[in-house]
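Student: One line per chain: the protein sequences are A and B, in this order.
Quick note, the first sequence lines up with residues 1 to 284 if you use this note's numbering.
Quick note, the second sequence lines up with residues 1 to 320 if you use this note's numbering.
Hints are computed from structural coordinates only; laboratory data are not their basis.
Computed from a predicted model, the values in this text were never measured in an experiment.
Hints should not be assumed to be uniformly reliable.
Listed next, the stretches of chain A that the computed footprint assigns to chain B, with coverage defined by at least 3 CB atoms under 8 Å from CB atoms of chain B [said to hold, decoys possible]: (1) 15-27; (2) 93-101; (3) 178-187; (4) 211-220.
A short, non-exhaustive set of chain A residues, derived as facing chain B with CB atoms under 8 Å [unchecked claim]: (5) Ala87; (6) Ser113; (7) Ile236; (8) Ile258.
Ideal Cβ placement from N, Cα and C applies to all residues, glycine included.
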Amino acid sequence: MNKLTQRRISNFLAFTASTLATGLGLFVLCAILWTLISRGMSAMSIQLFTQMTPAPGSSGGLLNAIYGSVVMTALGILIGTPIGMLAGTYLAEYGRTDHLSVVVRFINDVLLSAPSIIVGLFVYTLVVMQMGHFSAIAGAIALGIIAIPVMVRTTEDMLNLVPKSIRDGSAALGAQPWRTITNIVYPAARNGVVTGLLLAIARISGETAPLLFTALNNQFWSARLDQPMANLPAVIFQYAMSPYKDWQAMAWAGALLITAFVLFLSVIARSISALLGSNLGSGE
Amino acid sequence: MATEILQLRLQREARAEGLFRWATMCSAVLVLLLLAGVIIALVHGSWPALKEFKWAFITREKWNPVTDQFGALAPLYGTVISSLIAMLIAVPIGFGIAVFLTETCPRWLRGPISTGIELLASIPSIVYGIWGLFVLAPILQHSFQPWLIDHLGPLPLIGKLFQGPPFGIGLLTAGVVLSIMVLPFICSVMREVFRMAPISLKEAAYGLGATQWNVVWDVVVPWSRTGIIGGVMLGLGRALGETMAVTFVIGNAHRISTSLLAPATTISAAIANEFTEAVGDLYTSALIALGLLLFVLTFIVIASARLLLLRLERGGGKRA
Chain A
1 MNKLTQRRIS
11 NFLAFTASTL
21 ATGLGLFVLC
31 AILWTLISRG
41 MSAMSIQLFT
51 QMTPAPGSSG
61 GLLNAIYGSV
71 VMTALGILIG
81 TPIGMLAGTY
91 LAEYGRTDHL
101 SVVVRFINDV
111 LLSAPSIIVG
121 LFVYTLVVMQ
131 MGHFSAIAGA
141 IALGIIAIPV
151 MVRTTEDMLN
161 LVPKSIRDGS
171 AALGAQPWRT
181 ITNIVYPAAR
191 NGVVTGLLLA
201 IARISGETAP
211 LLFTALNNQF
221 WSARLDQPMA
231 NLPAVIFQYA
241 MSPYKDWQAM
251 AWAGALLITA
261 FVLFLSVIAR
271 SISALLGSNL
281 GSGE
Chain B
1 MATEILQLRL
11 QREARAEGLF
21 RWATMCSAVL
31 VLLLLAGVII
41 ALVHGSWPAL
51 KEFKWAFITR
61 EKWNPVTDQF
71 GALAPLYGTV
81 ISSLIAMLIA
91 VPIGFGIAVF
101 LTETCPRWLR
111 GPISTGIELL
121 ASIPSIVYGI
131 WGLFVLAPIL
141 QHSFQPWLID
151 HLGPLPLIGK
161 LFQGPPFGIG
171 LLTAGVVLSI
181 MVLPFICSVM
191 REVFRMAPIS
201 LKEAAYGLGA
211 TQWNVVWDVV
221 VPWSRTGIIG
231 GVMLGLGRAL
241 GETMAVTFVI
251 GNAHRISTSL
261 LAPATTISAA
271 IANEFTEAVG
281 DLYTSALIAL
291 GLLLFVLTFI
301 VIASARLLLL
311 RLERGGGKRA
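One chain only, chain A, in its complex shape (with noise of 0.2 Å):
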């Protein structure tokens, strides 16, 4: 009875431990959340779409530092999805468990989790120190290469999730492998491979350690590729560890943009991912 008593304490105690744990982890994303909207809202204007990035003590915007943003995370990306794609369907469709696959597979992992520090020290060597200074450009390819691991595994991971029976359908037409992967299985894993595209995009958008030394920053007005590049994250980095309190408050604004930015589209492709029942918003 004594041991049975001991037990179910036992039991009591380790599940309200497991509860507060769970409470403790939504405890602190609902506080950096809540953080982020009352310091990033108090500093929300107008002026911060339509001016460029201030001196301080003046007042201004984020102009530059949000085009630049957008335009190296497009750059990224179409850098990027093509690569990371085309490789996805050699994992998914032609190699499949051939000693390439398993190995191409592998690596592809380790580099889903590698530090984005390394991935800009790369570029850096390889495109920096070629070109003999900083660059949209260098930044827009270190971007590219870290949503690449990204697209190769969503995209492996949606085409196997097509059922086999169609393809055997589509070669009994007498069409080739190519063109049963490009008409048949890619229109069949559209909502896949769009989500993938969505976690990659939220995946490099809110990058700052691969842009430090490659897009470097810059405070005016910038569309050069072969310039450095003003954006978000380098621009918070640097007003966030400013003694100015004005920058500081823009710094909140910039990164409430990008978080809203990236949790909005964090939130759609677990969605879309949800509706298919697979589980790649999972964070792994």
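Start from chain A and add chain B according to the hints.
Tutor: Below, chain B without anything else, positioned relative to chain A:
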């Protein structure tokens, strides 16, 4: 005539097939080349520093850009210790959440709660950084750290870890921020492996009169040991390489202090802070060498984690 046209079309199709297959294969190989490229670039870039300092690079604490003396021990120490602190906090909490989500949680709440936890993973790391610097660090500085100093500081042995003034920023704060960041990764892997535990085993244990906790601790956990270790190491890999969040709250001091409350630096923070300001080839090269060190460290951790999880996936497939 008709057969000729057909022949031509078939040939064209076959050529297109070859081209498409070749393109996909090239892209797959490119992923491998990416890794090879990273290794080559890092080794090449860090060569001058490694040639100059040899093994002393990782055994020396001194980091002085003025006299061109570079040793990686302090950032290495900071990286390892801050990640370990993160693991000490995140593993039990992640475990608790995973248990809650698989056992106690009402079914309709599972979706929303796991989404909430996993949203933590999508918040950009720079946001953790400013949150850590402006919100968490002051809280720790004014309440938690003085408490640690008063209560744990006087203890023998471990007391040394909690002495000195409460700076707010430092190893401990970095560890706390990191723990929040890796929590969703650890939690989601654990939840996956817990879910894979065979129902029959659990039911057998219940049949013997086990409580729910007995089932979790004595049946599910031993069964999913490999997966748990894999998940923890995956989280560790993240923590080791995390840059922006740590850069804000670590304090950037190139020295090893016994106190966890003192400012320190990590490999990634040192690179992020100093790289664009580094003058002189040796300085840049030393920073790239730090990057190489970080790469080797995280590669080993992540690769072993993936191997464990891969083995589990195969095993799980067989059992199912």
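Student: Now, for every hint given, state plainly whether the structure supports it.
Tutor: Verification of the hints:
1. 15-27: Held - the stretch 15-27 of chain A has 10 residues with a Cβ nearer than 8 Å to chain B, which meets the minimum of three.
2. 93-101: That given contact holds, which follows from 5 residues of the stretch 93-101 of chain A lying within Cβ reach (below 8 Å) of chain B.
3. 178-187: holds (count 4)
4. 211-220: holds (count 3)
5. Ala87: OK, holds: alanine 87(A) within 8 Å of chain B, min 4 Å.
6. Ser113: holds, 5 Å
7. Ile236: Nearest chain B Cβ about 6 Å off; hint holds.
8. Ile258: holds, 6 Å
In this structure, none of the earlier numbered hints is contradicted; all agree with it.
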